[in-house]
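Model the full assembly from the supplied sequences, consistent with the hints where possible.
Protein chains: 2
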Amino acid sequence: MKTPKEPDLNSDDLLIALLKNAPGSHISGEEIARTLDMSRSAVWKKIKDLEEVGYEIQAVPHLGYRLTGLPERLVPEEIRFNLKTRALGRRIFIFPTTDSTNRVALDMGRKGAPHGQAILAETQTAGRGRLGRVWNSPAGKGIYLSVILRPKLELAEVSKLTLAAAVAVAETLEDAGIDGVRIKWPNDLLIGGKGRKICGILTEMVAEADRVECVILGIGINVNSAQVDLPPQATSLKLESGKDFDRNALTANLLSRLEVRLGQVTGAAWNKTRAAWNQRSAVKGKLIKVTTMNHSVQGIAQNIDPSGALIVKTKSGLKRVLSGDIVL
Amino acid sequence: MKTPKEPDLNSDDLLIALLKNAPGSHISGEEIARTLDMSRSAVWKKIKDLEEVGYEIQAVPHLGYRLTGLPERLVPEEIRFNLKTRALGRRIFIFPTTDSTNRVALDMGRKGAPHGQAILAETQTAGRGRLGRVWNSPAGKGIYLSVILRPKLELAEVSKLTLAAAVAVAETLEDAGIDGVRIKWPNDLLIGGKGRKICGILTEMVAEADRVECVILGIGINVNSAQVDLPPQATSLKLESGKDFDRNALTANLLSRLEVRLGQVTGAAWNKTRAAWNQRSAVKGKLIKVTTMNHSVQGIAQNIDPSGALIVKTKSGLKRVLSGDIVL
Numbered sequence: 052m053k054t055p056k057e058p059d060l061n062s063d064d065l066l067i068a069l070l071k072n073a074p075g076s077h078i079s080g081e082e083i084a085r086t087l088d089m090s091r092s093a094v095w096k097k098i099k100d101l102e103e104v105g106y107e108i109q110a111v112p113h114l115g116y117r118l119t120g121l122p123e124r125l126v127p128e129e130i131r132f133n134l135k136t137r138a139l140g141r142r143i144f145i146f147p148t149t150d151s152t153n154r155v156a157l158d159m160g161r162k163g164a165p166h167g168q169a170i171l172a173e174t175q176t177a178g179r180g181r182l183g184r185v186w187n188s189p190a191g192k193g194i195y196l197s198v199i200l201r202p203k204l205e206l207a208e209v210s211k212l213t214l215a216a217a218v219a220v221a222e223t224l225e226d227a228g229i230d231g232v233r234i235k236w237p238n239d240l241l242i243g244g245k246g247r248k249i250c251g252i253l254t255e256m257v258a259e260a261d262r263v264e265c266v267i268l269g270i271g272i273n274v275n276s277a278q279v280d281l282p283p284q285a286t287s288l289k290l291e292s293g294k295d296f297d298r299n300a301l302t303a304n305l306l307s308r309l310e311v312r313l314g315q316v317t318g319a320a321w322n323k324t325r326a327a328w329n330q331r332s333a334v335k336g337k338l339i340k341v342t343t344m345n346h347s348v349q350g351i352a353q354n355i356d357p358s359g360a361l362i363v364k365t366k367s368g369l370k371r372v373l374s375g376d377i378v379l
Numbered sequence: 052m053k054t055p056k057e058p059d060l061n062s063d064d065l066l067i068a069l070l071k072n073a074p075g076s077h078i079s080g081e082e083i084a085r086t087l088d089m090s091r092s093a094v095w096k097k098i099k100d101l102e103e104v105g106y107e108i109q110a111v112p113h114l115g116y117r118l119t120g121l122p123e124r125l126v127p128e129e130i131r132f133n134l135k136t137r138a139l140g141r142r143i144f145i146f147p148t149t150d151s152t153n154r155v156a157l158d159m160g161r162k163g164a165p166h167g168q169a170i171l172a173e174t175q176t177a178g179r180g181r182l183g184r185v186w187n188s189p190a191g192k193g194i195y196l197s198v199i200l201r202p203k204l205e206l207a208e209v210s211k212l213t214l215a216a217a218v219a220v221a222e223t224l225e226d227a228g229i230d231g232v233r234i235k236w237p238n239d240l241l242i243g244g245k246g247r248k249i250c251g252i253l254t255e256m257v258a259e260a261d262r263v264e265c266v267i268l269g270i271g272i273n274v275n276s277a278q279v280d281l282p283p284q285a286t287s288l289k290l291e292s293g294k295d296f297d298r299n300a301l302t303a304n305l306l307s308r309l310e311v312r313l314g315q316v317t318g319a320a321w322n323k324t325r326a327a328w329n330q331r332s333a334v335k336g337k338l339i340k341v342t343t344m345n346h347s348v349q350g351i352a353q354n355i356d357p358s359g360a361l362i363v364k365t366k367s368g369l370k371r372v373l374s375g376d377i378v379l
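Protein chains in written order, with my numbering: chain A, 52 to 379; chain B, 52 to 379.
A few of these clues could be false.
As the list makes no split between identical chains, a pair holds if one copy fits it or if it spans any two.
With a straight-line Cα cutoff of 30 Å, these simulated DSBU-like cross-link-like pairs (lysine-lysine) come out [as the list claims (entries may be wrong)]: (1) K203 x K370; (2) K248 x K335; (3) K162 x K248; (4) K203 x K235; (5) K203 x K340; (6) K203 x K364; (7) K337 x K97; (8) K364 x K97; (9) K289 x K337; (10) K337 x K203; (11) K135 x K289; (12) K235 x K340; (13) K235 x K323; (14) K323 x K245; (15) K97 x K248; (16) K203 x K366; (17) K335 x K245.
The set of hints was computed from the structure by calculation and includes no laboratory data.
In structure tokens, the structure reads:
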């Protein structure tokens with residue numbers, strides 16, 4: 052992975068940081084103006100801008116401004132505030148609506164967008180899953196994220212990024228207090244005994260026959276969706292916990308978790324990520340049927356092996372499965 | 052590969068066929084009008100259209116029309132006339148100029164263009180080779196072709212398409228009377244003892260992590276280029292033979308040869324194509340250094356193995372090389 056330059060913080064990022072870190076929770080317009088090196092009226096204008104995107108800010112005479120609520124909608128500055136990454140999400144484009152964040156990211160990637168650039172949308176009109184399937188994207192209730200990656204990997208190793216991303220999403224959900232997160236090979240995150248789907252991952256790439264140009268990691272998570280927003284076999288963080296979640300904070304943590312795990316797909320670090328995946332396997336020990344392009348394999352699912360292939364114990368011995376669709 | 056429907060011949064295709072197959076070489080306007088079920092004046096209009104794209108047609112009173120010359124420029128009807136394919140080139144888009152036929156084809160492929168659709172350009176303003184290198188595209192003197200493929204192959208097998216295409220191009224050049232065609236692994240076609248480059252192949256793809264969506268096979272051939280049009284280490288069919296070539300006929304034969312070889316990348320047929328490749332290897336038995344992403348391998352080049360990897364005999368034994376750049 053390329054090492055990017057340090058993030059460029061703009062004055063909105065700084066103002067948000069000032070409000071969040073204000074001692075005694077109020078900060079005067081004068082102090083903000085001095086710190087950001089701008090006029091009092093420019094500060095007032097910026098406060099209005101923040102209110103516009105959904106920040107709740109109380110203005111108290113003689114005391115100053117106090118942050119009383121965070122935006123519900125996705126806001127780049129709010130995501131960046133909690134971001135612990137060097138590259139992932141340091142550039143973020145958020146669309147109110149788009150056809151598919153993966154489509155946008157693939158176009159941007161082919162035009163040279165840097166490693167780590169992220170695309171989010173409040174809703175997608177043609178969100179896609181693997182094998183051309185539809186992904187439901189109820190407006191304002193999920194995280195529909197695509198990240199542009201420029202990994203130094205062989206073509207055959209790219210599927211490891213999907214597996215690493217699945218681990219990172221599982222960790223993000225666990226950080227949010229969701230129990231029983233399981234990964235259905237290769238790319239679905241399921242919850243609980245009934246195995247209801249909470250997240251899907253679609254990894255796409257543009258490559259020469261022997262060289263990866265860019266990879267688009269697409270992640271869809273059902274966050275605050277109600278059952279009526281989702282297909283019957285799907286669930287959301289809210290349905291599982293009864294709580295609403297701050298999608299900005301969740302996205303920031305997701306990007307942070309992703310950066311760590313995507314950096315652990317080669318060498319000894321890969322064994323760590325692989326172990327974390329195998330630990331959460333939804334299929335291990337179960338009778339499965341995998342349908343691949345030209346044939347199907349039936350047997351008991353084992354771990355994923357160092358190459359990222361799923362090992363299946365069949366009547367005629369162990370088989371490695373590199374692609375395909377699983378039926379339990 | 053998908054089996055496409057039979058080609059749709061339009062009235063231009065039929066008129067060209069009539070002119071070419073006319074007994075005694077003249078065909079009357081009346082006979083054309085009857086055969087194509089159109090008026091005499093519509094025939095006259097169509098003849099003018101063909102002249103417009105470069106056909107030379109003699110009109111002799113009382114005898115009718117006679118074809119006396121073929122267009123120099125690339126013309127879909129003229130390519131189709133000689134095409135012996137089911138899918139490749141049955142739909143052709145020819146651009147007077149474009150940035151890169153591979154770029155156009157990749158966009159069309161992602162929007163669902165069918166297997167076999169071909170894009171040609173008289174010149175490219177940003178023609179590309181492997182690893183982001185420049186490909187020179189002098190106007191009207193080469194074949195700059197990109198074909199959209201939807202192969203049923205695993206990701207790791209896509210590089211075999213490049214190898215099969217290299218064999219097809221070699222056969223096309225040999226059909227045109229060019230001797231000593233050699234293939235420099237993985238994608239360059241060289242001529243003669245000095246190994247001057249006559250063709251480059253750039254295979255690109257859009258894929259999910261474990262499933263190929265579409266492959267763009269880009270082929271650039273120096274046909275009628277003079278030395279001044281080309282980099283010093285390059286050559287052309289004209290430079291090698293002293294003759295000018297009909298690019299339409301050459302393109303038709305190339306597409307026909309491609310369809311055969313691209314259909315021979317799996318099973319027993321692959322061994323035939325592989326043998327044809329190995330026979331023409333420019334590197335076999337030579338001391339080479341291959342620079343790959345993370346390291347380099349030095350040794351004596353052997354054959355390509357069934358997976359499409361180049362075998363290199365190094366001091367520490369045989370090594371398989373899947374990607375990289377060769378220095379002799």
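Hint-by-hint comparison with the structure:
1. K203 x K370: Result: close both inside a copy and across copies, 28 Å intra and 21 Å inter.
2. K248 x K335: within (17 Å within a copy, 53 Å between copies)
3. K162 x K248: Between copies only: 29 Å across, 34 Å inside.
4. K203 x K235: So K203 and K235 pass the 30 Å test inside a copy (26 Å) and across (25 Å) alike.
5. K203 x K340: between (33 Å within a copy, 20 Å between copies)
6. K203 x K364: between (32 Å within a copy, 26 Å between copies)
7. K337 x K97: neither (56 Å within a copy, 68 Å between copies)
8. K364 x K97: Intra 61 Å, inter 67 Å, cutoff 30 Å: neither.
9. K289 x K337: For K289 and K337, only the intra-copy Cα distance (29 Å) is at most 30 Å; the inter-copy one is 64 Å.
10. K337 x K203: between (34 Å within a copy, 29 Å between copies)
11. K135 x K289: This pair counts as within: shortest intra-copy Cα distance 25 Å, inter-copy 60 Å.
12. K235 x K340: within (13 Å within a copy, 43 Å between copies)
13. K235 x K323: Classified as within; 18 Å inside a copy, 40 Å across copies.
14. K323 x K245: within (28 Å within a copy, 51 Å between copies)
15. K97 x K248: neither (41 Å within a copy, 61 Å between copies)
16. K203 x K366: Intra 38 Å, inter 27 Å, cutoff 30 Å: inter-copy only.
17. K335 x K245: within (15 Å within a copy, 58 Å between copies)
Consistency note: the structure conflicts with the earlier hints numbered 7, 8 and 15.
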